[in-house]
Amino acid sequence: MAARITSQLSKLTLLSSSSSVCLPPLSRSYYVYKDPNYKHFRPNFAFKRKHYIPKFKKARSLKVIKLDLPNLNEKSVEEMTPDEIRAKMKEKGIQPVRPWQEKPVYVASTSGTFEAYVPPEGDGKLSATSKAGAKQKFQFLEKKGKSMIAIRKIRQYDEDFDPKVFAEEAQKIYIETHEALADFDKVRLHQNVTERAYPLVTHQSRQKTIRWQFLGSLAPPHVVHARCTELLNKENVFAQVTVRFHTKQTLAVYDRFGRLQHGSEVVARDVLEYVVFEKHVASSYGTWRIHDKIIPDWMPPRQPILKTYRFEDIEPEVKTTPDDKESKEVEVATVTQNQSASPAYA
Amino acid sequence: MAASISRILGLHTLESCASRVSVSLANKRSLTSVTAQPVPQSAGLLTVRENFERCNFHTSSAMCWERPHGPRNWLKYNERKFPPTPLGEEERPAFVCHLKKNIKYSPSKMWYVASLVRGLRIDDAINQLKFVHKKGSVAARETLEEARDLAVKDHNVEFPSNLWVSESFVGKGMVIRGFRRHARSRFGKVEYKYCHYFVTLEEGEPPEHYYPHRRPLTPQEMLQEWIDNQRQRTITRSL
Chain A
498 MAARITSQLS KLTLLSSSSS VCLPPLSRSY YVYKDPNYKH FRPNFAFKRK HYIPKFKKAR
558 SLKVIKLDLP NLNEKSVEEM TPDEIRAKMK EKGIQPVRPW QEKPVYVAST SGTFEAYVPP
618 EGDGKLSATS KAGAKQKFQF LEKKGKSMIA IRKIRQYDED FDPKVFAEEA QKIYIETHEA
678 LADFDKVRLH QNVTERAYPL VTHQSRQKTI RWQFLGSLAP PHVVHARCTE LLNKENVFAQ
738 VTVRFHTKQT LAVYDRFGRL QHGSEVVARD VLEYVVFEKH VASSYGTWRI HDKIIPDWMP
798 PRQPILKTYR FEDIEPEVKT TPDDKESKEV EVATVTQNQS ASPAYA
Chain B
20 MAASISRILG LHTLESCASR VSVSLANKRS LTSVTAQPVP QSAGLLTVRE NFERCNFHTS
80 SAMCWERPHG PRNWLKYNER KFPPTPLGEE ERPAFVCHLK KNIKYSPSKM WYVASLVRGL
140 RIDDAINQLK FVHKKGSVAA RETLEEARDL AVKDHNVEFP SNLWVSESFV GKGMVIRGFR
200 RHARSRFGKV EYKYCHYFVT LEEGEPPEHY YPHRRPLTPQ EMLQEWIDNQ RQRTITRSL
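So the sequence lines, in the order shown, correspond to chains A and B. With our numbering applied, the first sequence has no gaps in its numbers, which climb one by one up to 843 at the end. With our numbering applied, the second sequence has no gaps in its numbers, which climb one by one up to 258 at the end.
Honestly, the hints are just simulated from the structure, not real lab data. One should not assume that every hint holds.
[What the hints assert, rightly or not] List time: in silico DSS-like cross-link candidates among lysine-lysine, alpha-carbon distance up to 27 Å:
1) B:Lys100 with B:Lys128
2) A:Lys587 with A:Lys545
3) B:Lys149 with B:Lys128
4) B:Lys95 with A:Lys563
5) B:Lys100 with A:Lys683
6) A:Lys563 with B:Lys128
7) A:Lys804 with B:Lys95
8) B:Lys153 with A:Lys554
9) A:Lys555 with B:Lys119
10) A:Lys560 with B:Lys119
11) B:Lys212 with A:Lys547
12) A:Lys705 with B:Lys123
13) B:Lys123 with A:Lys552
14) A:Lys683 with B:Lys172
15) A:Lys705 with B:Lys172
16) A:Lys683 with A:Lys589
17) B:Lys212 with A:Lys589
18) A:Lys804 with B:Lys172
19) B:Lys208 with A:Lys572
20) B:Lys172 with A:Lys563
21) A:Lys628 with A:Lys745
22) B:Lys212 with A:Lys555
23) B:Lys95 with A:Lys585
24) A:Lys622 with A:Lys650
25) A:Lys545 with B:Lys119
26) A:Lys683 with B:Lys208
27) B:Lys119 with A:Lys585
28) A:Lys545 with B:Lys172
29) A:Lys572 with B:Lys95
30) A:Lys572 with B:Lys212
31) B:Lys154 with A:Lys563
32) A:Lys572 with A:Lys545
33) A:Lys804 with A:Lys705
34) B:Lys154 with A:Lys545
35) A:Lys554 with B:Lys208
36) B:Lys153 with B:Lys208
37) A:Lys545 with A:Lys650
Produce the entire structure from the sequences given, and follow the hints as far as they go.
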């Protein structure tokens with residue numbers, strides 16, 4: 498009792514800390530909430546989403562067995578890099594696939610146009626019967642040395658090759674290609690179009706209805722250019738011949754829902770095109786097929802689609818080196834149109 | 020439980036589940052996959068694992084392991100081609116179907132989000148979903164935005180705002196079953212649910228009432244209804 502009184506008295510004095518009197522330790526007859534060694538979880542009945550005493554939180558969480566849920570929206574195999582695929586397969590414990598390369602590769606067409614023809618500017622704008630048109634001389638194929646060498650080389654393999662006859666055949670192939678594209682007849686398309694040109698010709702043409710009509714030629718088709726290339730071997734010769742077409746056509750493209758998207762079925766347009774035909778002359782099974790189209794810089798732009806669209810502003814990647822600032826090859830403009838619905842052949 | 024998980028997820032090894040069931044399953048697999056090649060024993064890595072799968076069917080690494088694929092037929096509606104509209108008839112409105120697969124959310128909870136968006140204009144729908152405090156609203160919003168971009172890019176839709184949500188519904192996805200213990204050695208099951216969200220956007224103006232049977236009646240219709248009800252009255256047990 499004396500101890501209790503002294504402890505109470507010491508609490509009353511302000512200078513209890515500086516007192517020289519040493520008090521005995523207090524006996525704990527009731528819990529001391531200020532003691533840091535004792536942790537008390539005060540119940541919180543107000544927050545209803547959790548248990549009101551957080552004391553046994555850990556034990557409660559152990560009641561539920563934690564599962565590793567799979568990530569179902571991970572990248573598909575096509576989008577993964579080879580390193581990621583390797584890591585994934587290691588994780589799953591799958592051995593890598595044995596590379597079985599038994600498929601033969603057959604090169605049936607070249608990857609581009611070799612020594613492309615450069616059409617003269619102002620071609621097709623003036624009528625040949627007018628004074629100005631007559632002045633604009635048409636350069637005969639006989640005067641072009643390299644083309645004649647190429648034609649002679651073609652005649653080595655194909656004796657009956659005549660540029661004038663070939664121009665008519667080329668027009669037939671040209672018409673058949675367009676008709677096959679309108680029907681989307683893959684068999685006929687592959688017969689008339691090379692592998693390299695097939696994706697370009699059929700670009701944006703799926704799920705669309707194309708109605709194309711050939712009305713007539715404004716000028717007879719001419720062979721303007723010819724070249725021969727060799728792939729891998731000196732004997733493996735591919736011949737590329739450029740034919741100039743100046744024709745009247747109608748083109749109407751309907752979208753997936755049957756709405757007119759581009760062109761018109763009634764209004765005819767004059768089309769001037771330089772089409773490159775290719776043939777694998779070294780092989781006896783080679784045929785003349787459309788390989789490429791030459792679009793000169795002076796050609797007016799294509800007819801736009803009937804609807805308005807937003808132009809994607811992609812800045813051209815200009816690689817500026819101090820020497821080549823003026824050269825055109827350095828600028829790589831990658832401007833793409835959002836709604837360019839017209840096929841490659843406009 | 021471990022066996023069901025392996026079947027559903029198509030895992031070839033069951034290292035994650037350290038249970039006796041998994042070991043017996045793995046042994047079964049080693050018998051079926053007979054390989055003539057010697058096992059490459061790299062320093063300690065594969066010595067512990069005796070069972071590994073060899074891809075005998077595929078000639079490339081693509082799809083060497085199974086993955087649960089979601090619904091595949093919904094997107095085929097985007098490949099339907101219609102003939103050109105004949106003269107005099109109205110033009111068909113453009114539509115685009117889109118989906119989001121395997122959303123980690125319960126389909127019954129996702130239903131509320133899907134129902135909110137039905138029949139709204141695309142901009143209104145997206146704006147509403149921004150302020151919905153549900154987990155599924157994020158997935159729904161992403162689906163709508165992707166669908167809008169696709170419509171403009173691939174389906175010849177002129178204005179991205181000229182679209183409305185004509186169909187919006189949820190499908191049940193995978194369900195992984197787990198369990199938890201309760202007091203007094205009682206057990207309860209825990210279901211981890213996935214869902215798929217499907218959406219169709221159509222070009223043009225939305226209809227005034229998406230559910231015509233639930234629209235508010237005009238005064239004339241209400242009057243007619245009242246009159247009909249009055250006329251249907253009969254006096255019981257009368258002649």
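Tested hints:
{"no.": "1", "hint": "B:Lys100 with B:Lys128", "result": "35 Å, violated"}
{"no.": "2", "hint": "A:Lys587 with A:Lys545", "result": "46 Å, violated"}
{"no.": "3", "hint": "B:Lys149 with B:Lys128", "result": "17 Å, holds"}
{"no.": "4", "hint": "B:Lys95 with A:Lys563", "result": "38 Å, violated"}
{"no.": "5", "hint": "B:Lys100 with A:Lys683", "result": "17 Å, holds"}
{"no.": "6", "hint": "A:Lys563 with B:Lys128", "result": "22 Å, holds"}
{"no.": "7", "hint": "A:Lys804 with B:Lys95", "result": "26 Å, holds"}
{"no.": "8", "hint": "B:Lys153 with A:Lys554", "result": "26 Å, holds"}
{"no.": "9", "hint": "A:Lys555 with B:Lys119", "result": "36 Å, violated"}
{"no.": "10", "hint": "A:Lys560 with B:Lys119", "result": "33 Å, violated"}
{"no.": "11", "hint": "B:Lys212 with A:Lys547", "result": "22 Å, holds"}
{"no.": "12", "hint": "A:Lys705 with B:Lys123", "result": "37 Å, violated"}
{"no.": "13", "hint": "B:Lys123 with A:Lys552", "result": "31 Å, violated"}
{"no.": "14", "hint": "A:Lys683 with B:Lys172", "result": "25 Å, holds"}
{"no.": "15", "hint": "A:Lys705 with B:Lys172", "result": "14 Å, holds"}
{"no.": "16", "hint": "A:Lys683 with A:Lys589", "result": "41 Å, violated"}
{"no.": "17", "hint": "B:Lys212 with A:Lys589", "result": "24 Å, holds"}
{"no.": "18", "hint": "A:Lys804 with B:Lys172", "result": "13 Å, holds"}
{"no.": "19", "hint": "B:Lys208 with A:Lys572", "result": "31 Å, violated"}
{"no.": "20", "hint": "B:Lys172 with A:Lys563", "result": "43 Å, violated"}
{"no.": "21", "hint": "A:Lys628 with A:Lys745", "result": "23 Å, holds"}
{"no.": "22", "hint": "B:Lys212 with A:Lys555", "result": "25 Å, holds"}
{"no.": "23", "hint": "B:Lys95 with A:Lys585", "result": "30 Å, violated"}
{"no.": "24", "hint": "A:Lys622 with A:Lys650", "result": "34 Å, violated"}
{"no.": "25", "hint": "A:Lys545 with B:Lys119", "result": "34 Å, violated"}
{"no.": "26", "hint": "A:Lys683 with B:Lys208", "result": "55 Å, violated"}
{"no.": "27", "hint": "B:Lys119 with A:Lys585", "result": "24 Å, holds"}
{"no.": "28", "hint": "A:Lys545 with B:Lys172", "result": "49 Å, violated"}
{"no.": "29", "hint": "A:Lys572 with B:Lys95", "result": "21 Å, holds"}
{"no.": "30", "hint": "A:Lys572 with B:Lys212", "result": "21 Å, holds"}
{"no.": "31", "hint": "B:Lys154 with A:Lys563", "result": "21 Å, holds"}
{"no.": "32", "hint": "A:Lys572 with A:Lys545", "result": "40 Å, violated"}
{"no.": "33", "hint": "A:Lys804 with A:Lys705", "result": "16 Å, holds"}
{"no.": "34", "hint": "B:Lys154 with A:Lys545", "result": "20 Å, holds"}
{"no.": "35", "hint": "A:Lys554 with B:Lys208", "result": "20 Å, holds"}
{"no.": "36", "hint": "B:Lys153 with B:Lys208", "result": "24 Å, holds"}
{"no.": "37", "hint": "A:Lys545 with A:Lys650", "result": "91 Å, violated"}
Checked against the numbered hints listed earlier, the structure breaks hints 1, 2, 4, 9, 10, 12, 13, 16, 19, 20, 23, 24, 25, 26, 28, 32, 37; every other hint is satisfied.
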